[in-house]
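Engineer: Sequence:
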Amino acid sequence: MERIFADQLGDWKRTCYCGEPRRSSVGQEMVLAGWVQRRRDHGGLIFIDLRDRSGVIQIVFNPEVSADAHEKAKQVRSEDVLGVRGYLAERPPDTVNPELATGEVELSAREVKLLNASQVPPFLIEDDAEVNENTRLKYRYLDLRRPQSLAPLMLRYQMCKAIRDYLDGLGFVEIETPVLTKSTPEGARDYLVPSRIYPGKFYALPQSPQLFKQILMVGGLDRYFQIVRCFRDEDLRADRQPEFTQLDVEMSFVRPEDVFQVIEGMITLLFRDLKGIELATPFARLSWKEAMSKYGTDKPDLRFGLELMDFSSTFQESEVKVFSAAIEKGGMVKGLCVSGGENLSRRELDELTAFVGNYGAKGLAWIKVPLRGPWQSPIAKFLSEKEQGEIRRLTGAKGGDLLFFVADEARVVHEALSNLRLHLGERLGLIRPGEYSPVWIIDFPLLEYDEKERRRVSVHHPFTAPLDEDLPLLAEEPLRVRSKAYDLVLNGVEIGGGSIRIHQVTLQRQILGLLDIGPEEAQEKFGFFLEALGFGAPPHGGIAFGIDRLAMILSGAGSIRDVIAFPKSQRAVCLLTDAPSAVDPKQLKELGIKTVLD
RNA sequence: GGGGUCGUAGUUCAGUUGGUUAGAACGCCGGCCUGUCACGCCGGAGGUCGCGAGUUCGAGUCUCGUCGGCCCCGCCA
Numbered sequence: 003m004e005r006i007f008a009d010q011l012g013d014w015k016r017t018c019y020c021g022e023p024r025r026s027s028v029g030q031e032m033v034l035a036g037w038v039q040r041r042r043d044h045g046g047l048i049f050i051d052l053r054d055r056s057g058v059i060q061i062v063f064n065p066e067v068s069a070d071a072h073e074k075a076k077q078v079r080s081e082d083v084l085g086v087r088g089y090l091a092e093r094p095p096d097t098v099n100p101e102l103a104t105g106e107v108e109l110s111a112r113e114v115k116l117l118n119a120s121q122v123p124p125f126l127i128e129d130d131a132e133v134n135e136n137t138r139l140k141y142r143y144l145d146l147r148r149p150q151s152l153a154p155l156m157l158r159y160q161m162c163k164a165i166r167d168y169l170d171g172l173g174f175v176e177i178e179t180p181v182l183t184k185s186t187p188e189g190a191r192d193y194l195v196p197s198r199i200y201p202g203k204f205y206a207l208p209q210s211p212q213l214f215k216q217i218l219m220v221g222g223l224d225r226y227f228q229i230v231r232c233f234r235d236e237d238l239r240a241d242r243q244p245e246f247t248q249l250d251v252e253m254s255f256v257r258p259e260d261v262f263q264v265i266e267g268m269i270t271l272l273f274r275d276l277k278g279i280e281l282a283t284p285f286a287r288l289s290w291k292e293a294m295s296k297y298g299t300d301k302p303d304l305r306f307g308l309e310l311m312d313f314s315s316t317f318q319e320s321e322v323k324v325f326s327a328a329i330e331k332g333g334m335v336k337g338l339c340v341s342g343g344e345n346l347s348r349r350e351l352d353e354l355t356a357f358v359g360n361y362g363a364k365g366l367a368w369i370k371v372p373l374r375g376p377w378q379s380p381i382a383k384f385l386s387e388k389e390q391g392e393i394r395r396l397t398g399a400k401g402g403d404l405l406f407f408v409a410d411e412a413r414v415v416h417e418a419l420s421n422l423r424l425h426l427g428e429r430l431g432l433i434r435p436g437e438y439s440p441v442w443i444i445d446f447p448l449l450e451y452d453e454k455e456r457r458r459v460s461v462h463h464p465f466t467a468p469l470d471e472d473l474p475l476l477a478e479e480p481l482r483v484r485s486k487a488y489d490l491v492l493n494g495v496e497i498g499g500g501s502i503r504i505h506q507v508t509l510q511r512q513i514l515g516l517l518d519i520g521p522e523e524a525q526e527k528f529g530f531f532l533e534a535l536g537f538g539a540p541p542h543g544g545i546a547f548g549i550d551r552l553a554m555i556l557s558g559a560g561s562i563r564d565v566i567a568f569p570k571s572q573r574a575v576c577l578l579t580d581a582p583s584a585v586d587p588k589q590l591k592e593l594g595i596k597t598v599l600d
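Per my numbering: the first sequence = residues 3 to 600.
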């Protein structure tokens with residue numbers, strides 16, 4: 003039988019949140035409202051735990067206090083919405099509930115309004131209820147009633163508010179930029195929005211407000227920021243959603259150090275206010291080259307050592323053919339030394355071999371260094387005395403250690419070993435919980451060669467300025483030019499990235515040329531921008547932060563979906579609304595669009 | 001596009017080498033109960049084993065396909 007509750011709030015005004023009443027308010031008349039967490043019907047007395055976002059309070063329905071309220075409470079079920087008027091009472095001492103913030107008091111109900119009935123919820127609204135994510139997301143409104151699910155969103159809000167206050171204090175101005183904008187080449191796949199007024203033409207949703215913020219600098223804004231939604235039509239990951247939020251920052255007349263200073267102040271503030279953690283400043287700085295060499299990645303996790311070591315010169319002429327052959331072909335041999343790793347089983351070593359296979363490594367060589375006796379290793383018998391000596395010298399390996407080696411082209415070696423390093427770091431418990439190691443990665447290469455596209459592409463983006471000292475290399479050896487780009491990496495997560503931009507149109511055209519973007523294409527794609535640079539663009543630079551990833555780190559969330567109110571599934575579907583969905587043929591006709599699917 | 005993993009009651013899960021009527025806990029429904037707070041006690045309902053083929057005397061279990069959740073590779077200037 004369907005239960006229908008038709009009471010209205012009427013002139014009732016809620017006194018406070020359910021989680022707030024304390025002993026100091028005992029005796030006061032109160033109106034509370036919320037959802038029914040649980041009902042305990044003793045036949046005579048009925049207890050109801052009433053919940054809102056602030057917490058839970060116990061309501062007592064005693065027929066001797068109000069027969070009418072007690073009668074109504076009999077009909078109440080989980081997740082029904084109630085308003086209750088009554089007196090706050092002190093609980094009898096032996097019934098105090100120390101688990102509850104409101105556990106010393108209870109509301110004695112005089113009058114109750116049944117404001118809405120709820121269907122039986124598909125899952126229990128409790129923190130420790132483990133529910134499949136698809137069910138949680140389909141009923142996200144129920145999921146959000148759990149403090150555990152709401153907390154990351156609350157923290158995210160506090161984070162954004164603190165950022166706004168901080169930047170405001172430094173004279174930054176938040177300005178909105180268009181969401182319906184122009185598709186730009188380079189970068190990720192665009193989300194397109196068809197134009198009705200110009201059939202066959204499309205807006206693109208911004209991947210970032212890059213050009214607009216630079217144009218704001220040309221406009222003399224001097225210090226801009228925006229917390230802004232960005233869109234990239236690429237496949238999802240645990241830390242990637244098709245729409246995500248950036249903190250976008252841009253400043254005029256600045257050097258990288260000026261940007262670092264502003265951002266370090268902001269990040270330390272967030273950790274201090276939101277986590278009570280004091281981060282040391284200035285943050286570490288690591289050149290891209292050093293990061294790649296020591297960690298095999300441009301986003302190293304500095305919470306633990308386990309650095310990569312280069313054995314290329316050791317194995318140049320090695321009898322271990324996979325090593326020497328890789329070097330011969332222009333590749334390298336690198337490895338790492340796992341202190342105390344000797345007790346890994348053969349099976350575990352096989353698993354690690356399969357693991358590096360994910361990243362293209364064709365194998366994983368290992369050497370166990372026992373406390374006494376000869377090395378145990380499939381390659382041991384091929385290693386010369388000299389090589390063994392070199393390995394000892396380079397690694398400092400002692401009894402109980404385990405050495406890993408990967409030989410391949412540099413890219414594969416670095417991919418494989420950097421991921422192996424992270425994997426081992428986690429698995430061997432090298433990461434101390436609660437530790438945060440921010441580091442700026444600087445001096446990125448400006449360009450790299452894309453084998454698939456057979457042309458140079460930007461490592462950061464086409465508007466990044468080269469290092470002044472490398473400008474002379476631009477014409478002859480452009481791939482050796484470093485840039486004024488920087489990333490902020492925290493515990494192995496790239497949380498922000500930016501650069502000092504090119505502010506002179508001549509240099510900008512030259513860079514576009516190096517990217518094989520000819521004058522005509524440049525004119526068509528960013529003519530407006532090049533023109534703007536020509537009207538006195540100031541030197542400027544900035545940075546963009548992944549707000550979602552920052553919120554993940556600060557809240558300890560395991561997935562980006564935890565810090566987004568209505569996230570999409572891995573197949574980019576909104577499980578709540580079922581978007582994307584088919585549209586009315588009339589809508590398509592109006593837009594001049596025909597689908598070509600069978 | 002590829003690899004891995006999961007899908008059994010509303011939820012979380014169990015289900016043996018393929019074998020009779022698919023189980024548990026919580027939730028739900030009914031009854032009793034005036035100090036519970038994971039209330040308790042008694043009783044009850046609830047299943048397209050994701051979907052579709054195939055193998056078999058017989059499929060929750062095996063095979064293939066497909067759909068969906070999650071993780072990863074590719075992709076993400």
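In short, the hints are calculated from the structure, not lab data. Remember, it's a predicted structure, so these values are computed and weren't measured experimentally. Glycine included, each C-beta is placed from N, C-alpha and C at the ideal position. Incorrect hints may appear among the rest.
What the hints assert, rightly or not - In silico DSS-like links for lysine-lysine, alpha-carbon gap of 25 Å or less:
# : residue 1 : residue 2
1 : Lys-163   : Lys-296
2 : Lys-296   : Lys-277
3 : Lys-203   : Lys-454
4 : Lys-591   : Lys-203
5 : Lys-383   : Lys-296
6 : Lys-591   : Lys-140
7 : Lys-203   : Lys-527
To be verified - Each pair of labels, with its calculated beta carbon distance range:
#  : residue 1 : residue 2 : range
8  : Asp-170   : Ser-571   : 30 to 40 Å
9  : Ala-477   : Pro-380   : 19 to 29 Å
10 : Asn-136   : Arg-457   : 19 to 29 Å
11 : Asp-170   : Glu-330   : 13 to 23 Å
Engineer: Within a Cα-Cα threshold of 25 Å, do Lys-203 and Lys-454 meet the stated pairing?
Structural biologist: violated (29 Å)
Engineer: If you check the beta carbons of Asp-170 and Ser-571, does the distance land in 30 to 40 Å?
Structural biologist: For Ser-571 against Asp-170, whose Cβ atoms are near 36 Å apart, the range 30 to 40 Å holds.
Engineer: Is the straight-line distance between the alpha-carbon of Lys-591 and that of Lys-140 25 Å or less?
Structural biologist: The given pair, whose Cα atoms are some 32 Å apart, is violated under the 25 Å limit.
Engineer: Taken at face value, is the distance from the CA of Lys-296 to the CA of Lys-163 at most 25 Å?
Structural biologist: violated (37 Å)
Engineer: Would the hint linking Lys-203 and Lys-527 be met if the CA-CA limit is 25 Å?
Structural biologist: Status holds; Cα separation ~14 Å.
Engineer: Cβ-Cβ distance between Ala-477 and Pro-380: within 19 to 29 Å?
Structural biologist: The hinted range 19 to 29 Å is violated for Ala-477 and Pro-380, with Cβ atoms some 49 Å apart.
Engineer: If you draw a straight line from the CA of Lys-296 to the CA of Lys-277, is it 25 Å or shorter?
Structural biologist: Answer violated: Lys-296 to Lys-277 is near 30 Å, above 25 Å.
Engineer: For the pair we were handed, Lys-383 and Lys-296, check the Cα-Cα distance against 25 Å.
Structural biologist: Violated. Lys-383 to Lys-296 sits at ~28 Å, over the 25 Å cutoff.
Engineer: Does the Cβ-Cβ separation between Asp-170 and Glu-330 fall within 13 to 23 Å?
Structural biologist: violated (59 Å)
Engineer: Assuming the hint says 19 to 29 Å, is it satisfied by the Cβ distance from Asn-136 to Arg-457 or not?
Structural biologist: violated (42 Å)
Engineer: Assess, step by step, whether the Cα of Lys-591 is no farther than 25 Å from the Cα of Lys-203, and give holds or violated.
Structural biologist: holds (14 Å)
Of the hints listed earlier, those the structure fails to meet are numbers 1, 2, 3, 5, 6, 9, 10, 11, in rising order.
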